[in-house]
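Undergrad: So the protein lines, in turn, are chains A and B. Under numbering that gives the first Met the number 0, the first residue of the first sequence is numbered 0, with each subsequent residue one higher. Under numbering that gives the first Met the number 0, the first residue of the second sequence is numbered 0, with each subsequent residue one higher.
Everything labelled a hint here was simulated from the structure, so no lab data went into it. From a predicted model like this one, the values you see are computed outputs, not experimental measurements. Take the hints with a grain of salt, since some may be wrong.
Here are the simulated SDA-like pairs of lysine to any residue, each with C-alpha atoms no more than 20 Å apart in a straight line [unchecked claim]:
1) B:Lys149 / A:Leu209
2) A:Lys79 / A:Gln126
3) B:Lys149 / A:Cys14
4) B:Lys149 / A:Gln126
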Amino acid sequence: MSWAWDNRGFLGRMCGEHLYLALVPLLIGFLLAVPLGLFLARARWGRPAVLGFCVVLEAIPVLSWFVFLPAIIDTTVPEKINVLVGLTLLVFAMMTQSISAAVAAVPDELRATAEGLGFTTLRRAFQVDLPVAMPVVIGGLRTAAVSCISLATLAALIGVGGLGKVITEGYSTGSEPEVLSAIAAVVVLAVAAENLLVRAQRYFLPWSTLAPVR
Amino acid sequence: MRHVCAGLPGAPSDASVVVPVIEFEGVTKVFPGGTVAVEDLSLVAPAGRITVVIGPPGSGKTCLLRMVNRMVDPSAGRVVLDGAPNTTARRSQLRRGIGYFVQGGLFPHRTVARNVETVPLLVGADRATSRQIALALLERVGLSSVFADKYPGQLSAGQQARVGLARALAADPPVLLMDNPFAGLDPAVRGDLQDDLLELQRIAPKTIMFATQDIDEAIKLGDQIAVMAEGRMVQLATPQTLLSHPGSDFVADLLGRDRGIRKLTFLPAGELPLSPAATVQAGTTGFRARAIADSHRERWLLVLDPERRPRGWVDSAVLGPDEIISGAVVHPLGGTFYADESVLAALDAAILSAAGLAVCLGDDGRILGVVSHTEIARYLTGQRPAVPVSHPFPPAGIAATTAAPVAAPAPTPAPAPTPAPEPTQAPASVEDVEDAEDAEAAEAADAADAPPDNEPPTAVLPTVDPAVGPVTPARAAMQTAPIPVVTETRPAPVPKPASAEPEPAPTPTPAPAPEPEPARAEQAEPAAEAAESASTDSAADTTTTSSNSFAAGRWEWNAETGEWIQLAESGRSEAEKA
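So here's chain A without its partners, still in its complex pose (with noise of 0.2 Å):
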């Protein structure tokens, strides 16, 4: 512990570095994905293979597209590009399945009601669609933000910043309170951000705790 007080303004720029690296990839890769998964949920064709695209797309190891990224973007190695783009790339996957499915559970007669009402389709997908769909795709945005931190670790690999590196580091200095305190960092980071999002969806989705509407 004495090691982390000691260190506390590395420690914490280098908790920056992380967050930065994890929480970008997940907003473009959630905002990306947010079309695809409205568009999947009342697709009449091609869902099932988008879908089996995604699951290999995650399936693929995020540190390959640290490595063989800068060939195809025509990067250089070191570059943090490398590590946003690739945790982008799985959080996109990752949610474009959660949206799907959490939008095509939405009650029949729900998009029955909102067809019936008026709604053209591009309203029914933003106003009733999505918001109604929100609490399942939280769920799913939970899991990617604490997979998402985690896996930023993996850029120390291509000599990238974050927590990651402090690990790297203290493992090479056999520096052992080095090591302990960067891996709790990242749980306590992971941990935070699972619940912030649990208290954002309190404040900003009253209605998702109420029993269901019959």
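Knowing the structure of chain A, use the given hints to seat chain B on it.
TA: This is chain B only, laid out in the frame that chain A set:
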């Protein structure tokens, strides 16, 4: 865009909005895959009326409704709204002018008020106006503004259904599609909502298509009922016709075994002949009860609590002289009914009652009289030569339930226990009064102001069922008298119990015969005796008050003068006041 929100700013629509006729012209829907949902169906849903579509699940009800707002496009045929095919406007535009209500369709993520504001906001009303409309509508469907900012999940199922109704009405659409809206609600809540719907319909009629699987709901709400099976319409009829003439075994099965009984819901209980109730206060001794029973020649006495509300029945024959009337000796009341309920309610109450007597209550809870199931049966016998309902729709403003009995005012013998001729049962026309030999009845009619001369002769007594009873002189006279036969029946206003002035003529009561009946004279005497004993002994409650004057205020038998006296609003007779 004729249909869209003509009366949007929350004002009552009545004048401005054209309520259209919906016509289905040979519509067919075949879904991809070959499922035939609706097959060559033609149907007219008249303007301002409720057309109920009933059928088993999968019979195409929902599909039919959705063709109106183009959620389903027919594979063949078309839907016409007031002469114009519904394909002229954009779908979303068309739908915003058609109220739509599906069970479970409330948006859980929007507050109650926001749910109701949905369509006004869609058609471009501003926030404040929409909110105002929403609050007014919530009020109209019986939800206070307390609920406005709650979420649907915080409401009971019945309240949610009310919100759904308010939302469907929010843009004041002239057409309303209701797809099984009250399914799964408990019967009491469901009944309330049906009543509310009928009330809303009365205030501002809309063309309503209502899909349901519940035959009771269909009969209660429908101006006409379309029965569907496997995509075809197997019968289109008014509820009355459907019950009496089901077109096929399928329809008869759908109606169930008790369709005959259900027909009674269309007969108003107000026409039943009431007898005075022999009453006794709870806590009276058996000895006194026996005396009251003897004076009434009744075995069963109606037990009243100190607030004079009916509590049950006591069998005077088995009472010991010292027994106190309370607790176990009091048999269950069975039930009570109000004059504006149906004969079915009265019959139900009579069957449930230990004494076989149903207690009729006034709006203020006062006991108007009792009727036995024997009397109800006799009344029904008189109803039997029923004229089939010729036109599916009674004139606007007349509740469908009043139409049938008016159409068939067959004579019934005056019920034996009736103590005296009652003003409402006075002859239906001047002619009848003249023919009548009973001076007392003529007097009563005079007292109640003989019908004005310009009153058209009421269509009475088109037929006489030989099974009804002995042909009395009076009836024989009526049969021979040149009674104008009016084929088109005149709609009678719904009788109002509280109506101030007695108006004997237009009441379509089916017991007009004012002939002297020996039984009646006998009955009147004990009643008078009982009333006298009541005036001398106030502790023993031997009220003989009876009233059957649903059309002409309340009447009370005055034992001293031997006359019927009209009561003032306070419930006291004028004689008492003087």
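Undergrad: Would you mind marking each hint as holding or not holding in the structure?
TA: Against the structure, the hints come out as follows:
With a C-alpha separation of about 11 Å, the suggested pair Lys149 of chain B and Leu209 of chain A falls inside the 20 Å cut-off, and the hint holds. The suggested pairing of Lys79 of chain A with Gln126 of chain A is violated, with an alpha-carbon distance near 36 Å, which exceeds 20 Å. Of the pairs offered as hints, the one joining Lys149 of chain B and Cys14 of chain A is violated, with about 41 Å between alpha carbons and a cut-off of 20 Å exceeded. Between the alpha carbons of Lys149 of chain B and Gln126 of chain A the distance comes to roughly 19 Å, so the proposed pair stays at or under 20 Å and holds.
Hints 2, 3 from the earlier list are contradicted by this structure; the remaining hints agree with it.
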